[in-house]
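Trainee: Please take these sequences and the hints and turn them into a complete structure.
Protein chains: 2
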Amino acid sequence: MTASHEFELIEWIQTRCPVPPHDLLSIGDDAAVVPPQLDKELLLATDMLMEGTHFTFPPATPELAGRKALAVNLSDIAAMGGVPHSALVSLALPRNRGPEFAKAVMQGLIDLAQEFRTEIIGGDTNSWDGPLVINVALMGTASRTHSIKRSNARAGDWIFVTGDLGGSLTSHHLTFTPRVKEAAILKETVSLHAMIDVSDGLASDLQHILNESGVGAVIQSHQIPISQCLSTELSHAERLQKALSDGEDFELLFTVSPEDGQRLLDQNPLPIPLTHIGEITGEQGAKLQQPDGSMTALESTGWKHQF
Amino acid sequence: MTASHEFELIEWIQTRCPVPPHDLLSIGDDAAVVPPQLDKELLLATDMLMEGTHFTFPPATPELAGRKALAVNLSDIAAMGGVPHSALVSLALPRNRGPEFAKAVMQGLIDLAQEFRTEIIGGDTNSWDGPLVINVALMGTASRTHSIKRSNARAGDWIFVTGDLGGSLTSHHLTFTPRVKEAAILKETVSLHAMIDVSDGLASDLQHILNESGVGAVIQSHQIPISQCLSTELSHAERLQKALSDGEDFELLFTVSPEDGQRLLDQNPLPIPLTHIGEITGEQGAKLQQPDGSMTALESTGWKHQF
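Just so you know, the protein sequences line up as chains S and Z, in that order.
Counting in numbering that gives the first Met the number 0, the first sequence runs from 0 upward without gaps.
Counting in numbering that gives the first Met the number 0, the second sequence runs from 0 upward without gaps.
Be aware that one or more of the hints could be misleading.
Identical copies go unnamed one by one, so any copy, or any two together, can satisfy a pair.
With a straight-line cut-off of 20 angstroms between C-alpha atoms, the simulated SDA-like cross-links for lysine to any residue are [as the list claims (entries may be wrong)]:
# : residue 1 : residue 2
1 : Lys-180   : Gln-266
2 : Lys-286   : His-275
3 : Lys-186   : Arg-153
4 : Lys-286   : Val-82
5 : Lys-39    : Leu-273
6 : Lys-180   : Ala-103
7 : Lys-180   : Glu-211
Worth flagging that the hints you see were computed from the coordinates, not collected in a lab.
These numbers come from a predicted model, not from an experiment.
Mentor: Structure, rendered in C-alpha cells:
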C-alpha cells in the first residue's frame with residue numbers, strides 16, 4: 000500500500016457504499032453526521048480485531064477478516080436488543096499486501112453491512128509494516144428505555160441460550176451469523192430481562208449478567224446445547240467444558256420470567272434452537288447441577304475484554 | 000499483559016472515568032447507550048493511531064500517545080463546529096510492556112477527555128505481540144443543520160487559518176491543543192461557510208474544501224503563517240513549503256463572507272492568531288500568488304487518509 004493506493008482505496012469504498020439517506024452526510028468530511036432520532040436511544044459498540052489474535056491467514060481470508068470485524072459488533076448491538084444503523088471502520092493495512100488485499104477486507108465488511116442494512120458512514124485507512132488491524136465502531140438504536148441491559152436479571156428467571164455452544168474457534172468464528180434478527184423476534188415475543196452475547200464463553204458471560212444484576216444462577220449440565228462442531232474424539236466431559244468456556248459462539252444468553260420462558264418452550268419463535276439451561280437464584284454465585292442433583296461451582300475462564 | 004492484567008486494567012479505567020449522567024449507561028454492557036438529544040445532529044469521527052507511524056517511543060510517552068489518539072478526533076469534531084460528547088477507546092496493547100504502560104496510555108487519554116468534558120463510555124482492550132495501536136471513535140453534537148461541512152465554500156469567500164503552520168512532526172504533534180473552543184467562538188461570531196482541520200497539510204486540506212464545494216482558491220504566499228518551530232537553517236522557500244504541506248498542525252482552515260472576514264480582521268475573537276490567507280474563486284484549482292503577483296499551482300502532497 001502506498002499513499003496513492005490508499006486514496007484509490009477510499010474512492011473504491013465510496014463507490015461501493017450505498018448513498019446514505021439525504022439527511023445523513025456521506026463519506027468525506029471530518030466527521031459523519033447522523034440526524035436526531037426522536038424517542039430512540041443510541042447504542043454504541045466497538046471492537047478491535049488483530050491479525051494473529053482474532054484471525055490468521057489462512058484459514059481466514061481478507062473478506063472473512065473484514066466480515067468478522069463487523070459481525071462481532073453486530074452481535075453486541077443484537078445483545079442490547081438494538082437495530083444496527085451505521086458503522087465507522089478504521090484499518091491498519093500491511094503495506095506489503097497491496098491494495099487488492101485491502102479491497103477484499105472492505106468487501107467482506109460491506110457485504111455483511113448490506114445484509115444487516117448498516118451504512119458505512121466513515122473511517123480511517125492507514126498503512127504500516129505491521130499485521131492487519133481492523134476497528135469497527137457501530138451505532139444502533141433501541142426504542143427509548145427499551146435496550147436490554149445485563150443488569151436486570153431477577154431471582155426465579157429462566158435462563159435461555161440460542162443455538163449451540165463450543166468449538167467456534169475451529170469452525171464458525173469467521174462465519175457466524177450475528178443474532179440481530181433473533182434478538183428482535185425475542186424482544187417482540189417476550190419481556191427480556193437481561194441479555195448478553197456469548198463472546199467470552201457461556202460461564203464468563205453468564206457471570207457478567209450475575210455480577211451486574213446482583214444475583215446467582217443454577218445451570219443444568221445436561222441441558223447445555225453442545226455443538227456438533229466439537230470433535231467426537233473428545234470425552235463428553237471435555238465437550239461440555241468447551242461448550243461452557245469456549246469463546247466466540249456469539250449466541251444470545253438471556254433471562255425471562257418463568258411464564259415467558261414457558262411460552263418460548265411451547266413455541267420457539269426463532270428459526271434456530273432455543274434452550275432453557277437453568278434458573279436465576281437469589282443466592283449469589285453460579286452453580287452447575289449434574290443430572291444426579293449434585294452441584295459444582297461454574298468457573299468462568301473468559302478471555303475477551305470489552306469495557 | 001496477561002488476561003488478569005486486562006481485567007485489572009478495565010477496573011482501573013472504570014474507577015477513573017467519571018460516572019456518566021444518570022441516563023447514560025456506564026462502562027460494562029455490550030454497548031454504550033446515549034439518550035436522544037432533540038434538535039441536535041450527532042457527529043461521529045474515528046482515527047486509528049499506530050506506534051511507528053503516528054508516534055514512536057521516545058519522544059512519545061505512553062501518556063502522550065493516548066492523548067494524541069483523542070486529540071486528533073477532538074480536532075475532527077471541532078472542524079465540524081461540534082461539541083465533543085463521548086468516546087469509545089480500543090487498544091491493542093504490546094504484551095511485553097505490562098499493565099503500567101497500558102494505564103499510562105489511558106491516563107493521557109482520560110486527562111484530555113476531562114479537559115474537553117468528554118466521557119469515555121466504552122471500549123475494547125486486547126493484548127498482542129505487536130506494537131501499540133489505539134483507535135478512538137468520538138461522538139459530538141451540533142445544533143441541527145448547523146454542523147460546518149467542507150462543501151459550502153463560495154466564490155468570493157475569504158480563507159482564514161488559525162495559529163501557524165509547519166514543523167508539527169518535530170515539535171507539537173503529540174501536544175497540540177484541539178481547536179474545539181476556537182471553533183465554538185468562531186461559530187458564534189461569524190457565519191462559517193466551510194471548515195476543515197489541517198491534519199494533512201494546508202494545501203491538501205484546502206483541496207478537500209475546493210473539491211467538495213466545486214470551487215477554486217488563490218492563496219497569498221506572503222500571508223502564510225509560518226511556524227517558529229521550523230528550523231532557521233531552512234531557506235524561506237523551504238519553510239514556506241513545509242508550512243503548506245506538513246501534516247498534523249491541527250489548526251482550523253475555514254471560509255467566510257468578505258464582510259465576516261473583515262470583522263475577524265478588525266477584532267480577532269480568538270486567543271490565538273487568525274490569518275487571512277486568500278480567497279475562494281469561481282475558477283477551479285488552487286493557486287499560490289507571490290508578492291509580485293505571479294501565480295503557481297498549489298500542489299497537494301498529503302498523507303492522511305480518512306473517509
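Trainee: Against each hint, give a clear statement of whether it holds in the structure.
Mentor: How the hints compare with the structure:
1. Lys-180 - Gln-266: Only inside one copy: Lys-180 and Gln-266 sit 17 angstroms apart there, 57 angstroms across copies, limit 20 angstroms.
2. Lys-286 - His-275: Cα proximity of Lys-286 and His-275: one copy only (15 angstroms, versus 70 angstroms across).
3. Lys-186 - Arg-153: Within. Shortest intra-copy distance 17 angstroms satisfies the 20 angstroms Cα cut-off; inter-copy 50 angstroms does not.
4. Lys-286 - Val-82: Answer is neither; intra-copy 33 angstroms and inter-copy 47 angstroms both fail.
5. Lys-39 - Leu-273: neither (29 angstroms within a copy, 41 angstroms between copies)
6. Lys-180 - Ala-103: Classified as neither; 26 angstroms inside a copy, 40 angstroms across copies.
7. Lys-180 - Glu-211: For Lys-180 and Glu-211, the Cα distance exceeds 20 angstroms both inside one copy (25 angstroms) and across copies (38 angstroms).
Comparing the model with each earlier hint shows violations of hints 4, 5, 6 and 7; every other hint is respected.
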